[in-house]
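*Asks:* Take the sequences, apply the hints, and build the full model.
Chain by chain, the residues run as shown.
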Amino acid sequence: MKVRDVIIRDISAVFEDETVENFVVMCAKQLRSGLPVVDEDMVVIGFISESDIINATVPSYFSLLQSTSFLPDTHQLVSRFARIKDKKVSEFMSTPPITVREDDSLMHAADLLIRRRMKSIPVVDSYGRLVGFVTRMQILRGAMEKRWEV
Amino acid sequence: MRVLTVTLNPALDRELILPNFAINKLHRLRNPSDSVMTPGGKGINVSMILDSMGISNVAMGILAGYVGRIVEEELRRLHPDITLNFVYTDGETRENITVIDPMNDTITEINSPGPLVSERELEIFYKRYLMTLPRVELVVISGSAPPGVDEGYCLKLVKAAKSKGKVVFMESIGPFFDRVLQKDCPQVVRADLRKEKRVLGHELKEFQDYVELAKEIRRLGAKAVVLSYKIVSDVVATEEGVWKFTIKDHVEVSHLLGTGDAFVAGMVYAVLKSLSYYEVLKYGMAAAIAEIRHLRKSELSIEDIERELQSFDIERIE
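Protein sequences appear in the order of chains A and B. The first sequence finishes on residue 150 if you use the working numbering, and the numbering steps up by one all the way, no holes. The second sequence finishes on residue 318 if you use the working numbering, and the numbering steps up by one all the way, no holes.
Note that these hints are calculated values from the structure, not bench results. Predicted model only: the values in this text are computed from it and were never measured. Ideal Cβ placement from N, Cα and C applies to all residues, glycine included. The reader is advised that the hints may include incorrect statements.
Covered by chain B, according to a simulated footprint, are these stretches of chain A (three or more residues, beta-carbon under 8 angstroms) [claimed, not checked]:
(1) 3-12
(2) 21-35
(3) 40-49
(4) 93-104
Straight-line distance between alpha carbons at most 16 angstroms, and here's what the computed EDC-like set of lysine to aspartate or glutamate pairs gives [unchecked claim]:
(5) K223(B) / E240(B)
(6) K164(B) / D41(A)
(7) K127(B) / D52(A)
(8) K127(B) / D41(A)
(9) K29(A) / E240(B)
(10) K29(A) / E137(B)
(11) K127(B) / D17(A)
(12) K166(B) / D209(B)
(13) K127(B) / E16(A)
(14) K127(B) / D73(A)
(15) K164(B) / E16(A)
(16) K29(A) / E73(B)
*Replies:* Right, dumping it as structure tokens:
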């Protein structure tokens, strides 16, 4: 099976100069966990996910603690988000972007999703332009439907 | 992707088939197939027909809320090859309800206005529209505008597409449609005359009113003009003349749903094939007749359309 068998042809994306707040609003309204970041030619130049924003709003020393449940809620999350909401997504996006092509194998896409801990991967054409995305669930559904055919 | 369709005010279309429909009465649907829910809005309808004809296209528009997500999901499920690029706003996408009564040959439609779109979302949409334009050959801007969209917005979309050398189709009605025709007329124009018959300040009453309006839109710069006339006919114009196309068969009014969108899709196919604008209009008429053969909005093939190229009479008016 190829990526083209399960691709979702949706070219929703954010531009690198758009704000974090705009990205969060888009994801919330479209029920997406992350979006490709594109340039003016729609070439994918990065990827920004909800994890990138949560990482930026959680204090860095948290990663050194085994548990943070004992810490009192001092609204740090709220205040730290307020500090970054007007910043550009380019400051928080992952680069270089992990992408796949339509003729890549589904196994390759599944491997990338697990290895890179991503929930979706942008699909690009030979110019690197966004043509859609694949999700973990699309891969599972594709594999399940193929099984009935076999 | 060869075509970009713009639907600023998409809808969830709900079609109910109710024989002997009457107001003030309780109606029960006989079976589930008598109630169908499909993605709608004129541009989206054109996208679905183009996809069924094998023409790759991208659908853009402004969706909202839970109903908007149903529109997107259904569009994705029914036509996975259509590329989507929607912007979301607050509120809810509208629902358009159509009651088809095949016994009395009537269609009753209830359309709602759609969500209020903010300035910010219109800017986001425009930016994405500009990025998508270079990847297509032709742009179709169809349907009504939701609250919040001012008269100049569609003109901005048309100007941007024309400045990039794209062929622009427009099907609509109302003040923003008039403004586009006057300021930067698209190459292919179809007035949506279902609800009102006033375009560019002219009330359309007599046949000659349609002919004069078609000529005026042509003078404003259109290469092809379509004005539907009394259900069975269309007054059409190109630089070469004005004609009346009239379907040869009897037309069931209850089968008219989606014919305008099919007309546009047929014309898109012919423009992409580089046919003359007169042939473009003939393909549009043939596609509309192919759609009439079905009770509901349906999928068309190129063979369906070409089969109907002789199904209408052509009368040269000027």
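*Asks:* Holds or violated: are the alpha carbons of K223(B) and E240(B) at most 16 angstroms from each other?
*Replies:* Between K223(B) and E240(B) the Cα gap is close to 9 angstroms, so the pair holds against 16 angstroms.
*Asks:* Need the status of pair K29(A), E73(B): alpha-carbon distance at most 16 angstroms?
*Replies:* Holds: K29(A) and E73(B) sit about 14 angstroms apart, inside 16 angstroms.
*Asks:* K166(B) and D209(B) were given as a pair; does the straight-line alpha-carbon distance stay at or below 16 angstroms?
*Replies:* Not OK: K166(B) and D209(B) at ~31 angstroms, beyond 16 angstroms, violated.
*Asks:* K164(B) and E16(A): Cα distance at most 16 angstroms?
*Replies:* Distance of about 24 angstroms is beyond 16 angstroms: violated.
*Asks:* Can the restraint linking K127(B) and D17(A) be considered satisfied, given a maximum Cα separation of 16 angstroms?
*Replies:* holds (12 angstroms)
*Asks:* Is the Cα-Cα distance between K127(B) and D73(A) 16 angstroms or less?
*Replies:* violated (40 angstroms)
*Asks:* Test coverage of the region 93-104 of chain A by chain B using CB-CB distances below 8 angstroms; three residues minimum.
*Replies:* violated (count 0)
*Asks:* Can the region 3-12 of chain A be counted as covered by chain B under the rule of three residues or more with Cβ-Cβ separation shorter than 8 angstroms?
*Replies:* holds (count 5)
*Asks:* With the threshold set at 16 angstroms, check whether the alpha-carbon distance from K164(B) to D41(A) stays at or below it.
*Replies:* holds (14 angstroms)
*Asks:* According to a criterion of three or more residues whose C-beta lies within less than 8 angstroms of a C-beta of chain B, is the region 40-49 of chain A covered?
*Replies:* This one holds; 3 residues, not fewer than the three required, reach chain B with a Cβ under 8 angstroms.
*Asks:* Under the criterion that the straight-line Cα-Cα distance not exceed 16 angstroms, is the pair K29(A), E137(B) satisfied?
*Replies:* violated (30 angstroms)
*Asks:* Run the distance test for K127(B) versus E16(A): straight-line Cα separation, threshold 16 angstroms.
*Replies:* Holds, at roughly 13 angstroms.
The structure fails to meet hints 4, 7, 9, 10, 12, 14 and 15 from the earlier list, while all remaining hints are met.
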